[in-house]
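S.K.: Chain A is already provided as a structure; the job is to place chain B on it using the hints.
Number of protein chains: 2
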Amino acid sequence: MNRSSYRQLAAVVGLAAMLTASTQAIRAQETGFVKEFGTMWTFDAPPLEYWDATYGFRPDQAWLDHVRLSTARIPGCSSSLVSADGLLLTNHHCARRCISAASTPDSNYQETGFVARSFGEEKQCPGMYADQLLSIEDITDRIRSAVTVSDPAAQVEQRDSIMASIRNECSESTRLNCQVVRFYQGGMYSLYRYKRFNDVRLVMAPEGQAAFFGGDPDNFTYPRYDLDVTLFRVYEDGAPRQTDHFFTWSDYGAAEGELVFVIGNPGSTGRLLTMAQMEYLRDVQYPAQLAGYERQLEVLRVAAARSEEDRRRYENRIFMLENSYKAVSGYLRGLLDPSIMAKKEAFEADFRGRIAADPELQAKYGAAWDVIAETQQERAKLAAKQSFYGFGGSELLGMAGSIVQLPGQARLPDSLRLAQYRGERLDRTRSQILGQVSFDTQVEQMTLTAQLHAAKAALPEDDPFLRTVLNGRTPEAVAEALISGTRLGEQEARSTLVEGGSPAVAASDDPMIAMARAINPLSLEVAERVAVLDATVSASAELVGQAIFAAYGKSLPPDATFTPRISDGVVKRYPMNGTVAPYKTTMYGLYARAEEFDHQDPWVLAPRWKERRDQLDLATPLNFVSTNDIIGGNSGSPVINRNAEVVGLIFDGNIEMLPNRFIYTDEVSRSVSVHSAAIIEALRKIYDADRIADELQRK
Amino acid sequence: MNRSSYRQLAAVVGLAAMLTASTQAIRAQETGFVKEFGTMWTFDAPPLEYWDATYGFRPDQAWLDHVRLSTARIPGCSSSLVSADGLLLTNHHCARRCISAASTPDSNYQETGFVARSFGEEKQCPGMYADQLLSIEDITDRIRSAVTVSDPAAQVEQRDSIMASIRNECSESTRLNCQVVRFYQGGMYSLYRYKRFNDVRLVMAPEGQAAFFGGDPDNFTYPRYDLDVTLFRVYEDGAPRQTDHFFTWSDYGAAEGELVFVIGNPGSTGRLLTMAQMEYLRDVQYPAQLAGYERQLEVLRVAAARSEEDRRRYENRIFMLENSYKAVSGYLRGLLDPSIMAKKEAFEADFRGRIAADPELQAKYGAAWDVIAETQQERAKLAAKQSFYGFGGSELLGMAGSIVQLPGQARLPDSLRLAQYRGERLDRTRSQILGQVSFDTQVEQMTLTAQLHAAKAALPEDDPFLRTVLNGRTPEAVAEALISGTRLGEQEARSTLVEGGSPAVAASDDPMIAMARAINPLSLEVAERVAVLDATVSASAELVGQAIFAAYGKSLPPDATFTPRISDGVVKRYPMNGTVAPYKTTMYGLYARAEEFDHQDPWVLAPRWKERRDQLDLATPLNFVSTNDIIGGNSGSPVINRNAEVVGLIFDGNIEMLPNRFIYTDEVSRSVSVHSAAIIEALRKIYDADRIADELQRK
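Protein sequence lines correspond, in order, to chains A and B. Just so we're aligned, residue 98 is where the first sequence starts under my numbering, counting upward by one. Just so we're aligned, residue 98 is where the second sequence starts under my numbering, counting upward by one.
Extracted from the complex, chain A is given alone in its bound form (with noise of 0.2 Å):
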């Protein structure tokens, strides 16, 4: 039958998922892939094979190597060359440091957008970078090889050791910025030369407004209608950086069903993980977060709606934390999700049969599995103890707690120290815990009596916190009594109890002190349990990603390391609501989106856009979506066609991407991008930068 009309029809009912998952079965049978993988393919391993079968399209070497050397990393970011002269294409939210650098006390450029009228005007910013990365070679033998002993611990000395030494070697000789790259948890070793670019100058960035329209509630999610560009310069020795490098520009922009590729650095995913390490996300971390989360929230919320003072103050906390619950309940979404528990489930069957075919594999890596499972099963026990036993609630029972660890921690060997305290971090606790520190009682005493609630409705009756800490008192009772109670307000007091030591922590009345030292001992039990079994399972854990490695080879990608990776993809519309969402949104849906919420924050269209309506084509796409593979830190990828052209600006995923930290799916998972047509529709008629336009779309 006519497959673009089933597919039509499909997507009407939401059977699309079921289509499309049974088309991509075949496609994995035909080249040997496993989708739930993902596609952040390495550049030394691009799957030509299965691009050939998925898509008819193979391209040559020089097309990857000019696709490879006309993008570059920029700190946290990804980027793109997009003109002879060096022009760097990234997202608005990856230049936000640049952007109030060169702002100045008469002009916020964060809140009036930037556009440099000529290279004169282009503005320095420091500490920006791009790398453009220049070669790839594997040394995973040459690694291995160094590896001559047999005691773990001492394992990952030769290994470090070796990995500086090729690092520095590499450095020396080639004057690059070069990188020892660990993929599959350790299967594979590569060396990765960069050419670094340190004077990138700021050309034009929208206003906050446009780049972010839709704030917090809308990020995450689309339909979306943000312009999240900036363009920078690339200079090499004062002048603009001159390069045959870098993506022309689409005249018409990624369209409906077209292949497009992304090419970024993925920052991190978790697609090792194993069953049992993901049903203990979901069935023990990711439970408790959100719930820690919420008890946050509702006492911020409250504290903030105090006054104006009080609502700028905790404003950001608010923001962040809402983020992180808006991100981790899309990854428990997913990990809720039968349909996609069972994809991983398949994968895992299937992987550990390969690893038990072969006796070598089996022996090796065979147990892995059930270690971690075994060890998940009792972190599941120890979590509630984890969660309460320890000073949180309070970031006055917080310091309290830390004053009277930091004589012991301090006393013992680094690699002994709990975690808080290894390397550096325990004088910038030391630090902290001296300077200046203003607390909010009120607060501290509402999040204190909610965790203590919280613990008490988790812990059993007679649980060993809960009589320390209660004695039989309401949460409330004994909250008032500390909060009020103490002086560690009071820098002074502070400081006398750190300087005097464990004799003076341990002479002190202060009712705070005495509580931090009556929960210690119960949290130090619980925390060395944990840091055992954590180091248990990363152990386990090592010894499946080598054993991926081991059955799959590079047929599957690696997860995310923040190095470049080429991502396939389609444009394509999916199922959402019972109805379907469109492949694009459009500039009509920008003004739409602001009238619905009668232009309140964060729906609010900047001067520019208000005044200039009537002159924008309100037809031109704005973002689109597509099925590539992205993560945080290929925020500011391109994605172009097979021509190698600019199409669009990746700056986001849907709410339904999240559970891809985990396991690729794309029946209804998309990345978000700016159109390309949406770039070149607002410098002209918004920004009038005719400049920056014509030469983005000079051939």
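A portion of the hints provided could be inaccurate.
It does not matter which identical chain is used: a pair holds within one copy or between any two.
For lysine-lysine, the following BS3-like pairs were computed, each having C-alpha atoms within a straight-line distance of at most 30 Å [to be verified]:
(1) Lys441 - Lys651
(2) Lys220 - Lys707
(3) Lys553 - Lys461
(4) Lys553 - Lys440
(5) Lys461 - Lys441
(6) Lys441 - Lys553
(7) Lys440 - Lys461
Simulated from the structure, these hints should not be mistaken for laboratory data.
M.R.: Relative to chain A, chain B alone:
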């Protein structure tokens, strides 16, 4: 703390649900209402205390009378009077028959829309009428006292007879259209007296594309962009009906946070269902129903793809199946939502507690829940047999089944027949068999094969039905043999069998008839047992309905009865897909959605809407959502503010509203209305209908 800012923040992270729930709990406590039963209030029991406590609004009797008399029930829908000259406002989808009837060979008003430029051009609608509710009388005591016997069947007869005589007596004495309405499954009876207007004429209807923009995919969803509006005029004695009871038009229309009322005729709800009944729907009935739809859809899509003619032949059936699929999926999603089921459970516990607390009530009603639960358990065990022991999967096999059953059923007294042969249905079945039918052999074979595969998967291997039908052969082979071997496709073959009665059927060597004969005893056995179980559930459900009334009185609105109700609600955004669905959409959004899908069907703008874009104020609100409690039958209901001014017109619910059939919730479920401002804007700028807009806006 500031309430509205708290709300806004909460919405952002999806906590609104929690908040609203607790607000409702407070309301419920204060006013004695149970929110889960919804707000479909009858006009003789308006919840004045609850409205006052919740909104600070307590309408007087004059307001209530005015509002009731300004609305009218029309066939299958609701409507309201909106001018002193009898203009009647309803949905386009409630007026389709009239619009088609008014069309001529030269002008298809369904496609082009229709505007009468004068009274003279207004076109009569054959079969259309409008019922205005004049009065309500509680006749529970009259009914009860007429029931003097104790045998249940005789009780039913006595009740039916008194109901009929009350109705007839009323109609004769008043010349009104009288109806006896049974509330709370027999807990209360009322006599409703309506004035019926038979001369209803078409005044204005937009193009089908404007009324149903987004078509089937967007149906049942929100955000929406539909001008689902039609205006009739009520005539009396050949002239426009003059009336004081009509709604004036609001100058502003629905605003966010505003209290609004919906007056209309909700058709049917199942809020009295017990937990056991809902679990049966969730675990047994709906999954089986959905699987059945999928089986049919799969075949019909293949069939429709064979040729353009086949596409037209099957298009409607496909869309109807998809619609049913969407609706049942929505119900199921609600029943699978633990938070929704928890509410039902809590209510049932409260309800049963109240009954148990009163020995008399307990004796009368207390056993009903357990009887239902036990019966449903047996039904669940029978479910697979019920699904497959029969003549499903092929129209020819269905015909064969009827041919085999007809002689026996015809011999039985009506009340002992299977439901599908009772009353006039026996003759109808007979004429269908004797009439012209055209069979699609390929579809027949595919559906029968699919049905037999499903039966194989659902029934145990040694099942008698499977043994009878398959007898070791594959579904493909059986279907092929039956469909290609039967002569039932010929009208003559069928009539010979029907007219020959039992002997002819018994003697037939047609393979399809032979198969139907073999299936028949199995099928009858299951059908008879299911009928007994259904009757048991039904009798107990009636007791539960009466118990509700005994325990809560009129403080709970009765289930929907397609009689006038008034529902309170608030215009309100809601959390959706990680962000917020706005309370309204605008005309910008209409153009946006058309562009987003590149103007593909069904997101096609009507030509006039394309041409006149620049004349419209695109910021005009188009649709909006509110928390009013509606269901099928409410289509065309006015949405009014506390001044009894029209602010909108109900035309749908969002997808989240589907589970409201069983439990009313307002965290994310919403009614969807056309905004009053859109109607005026479109009349004036698109349809050149100032005559009508002026009439609507006249005070």
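S.K.: Hint by hint, work out which the structure violates, then give me just those numbers in ascending order.
M.R.: 3
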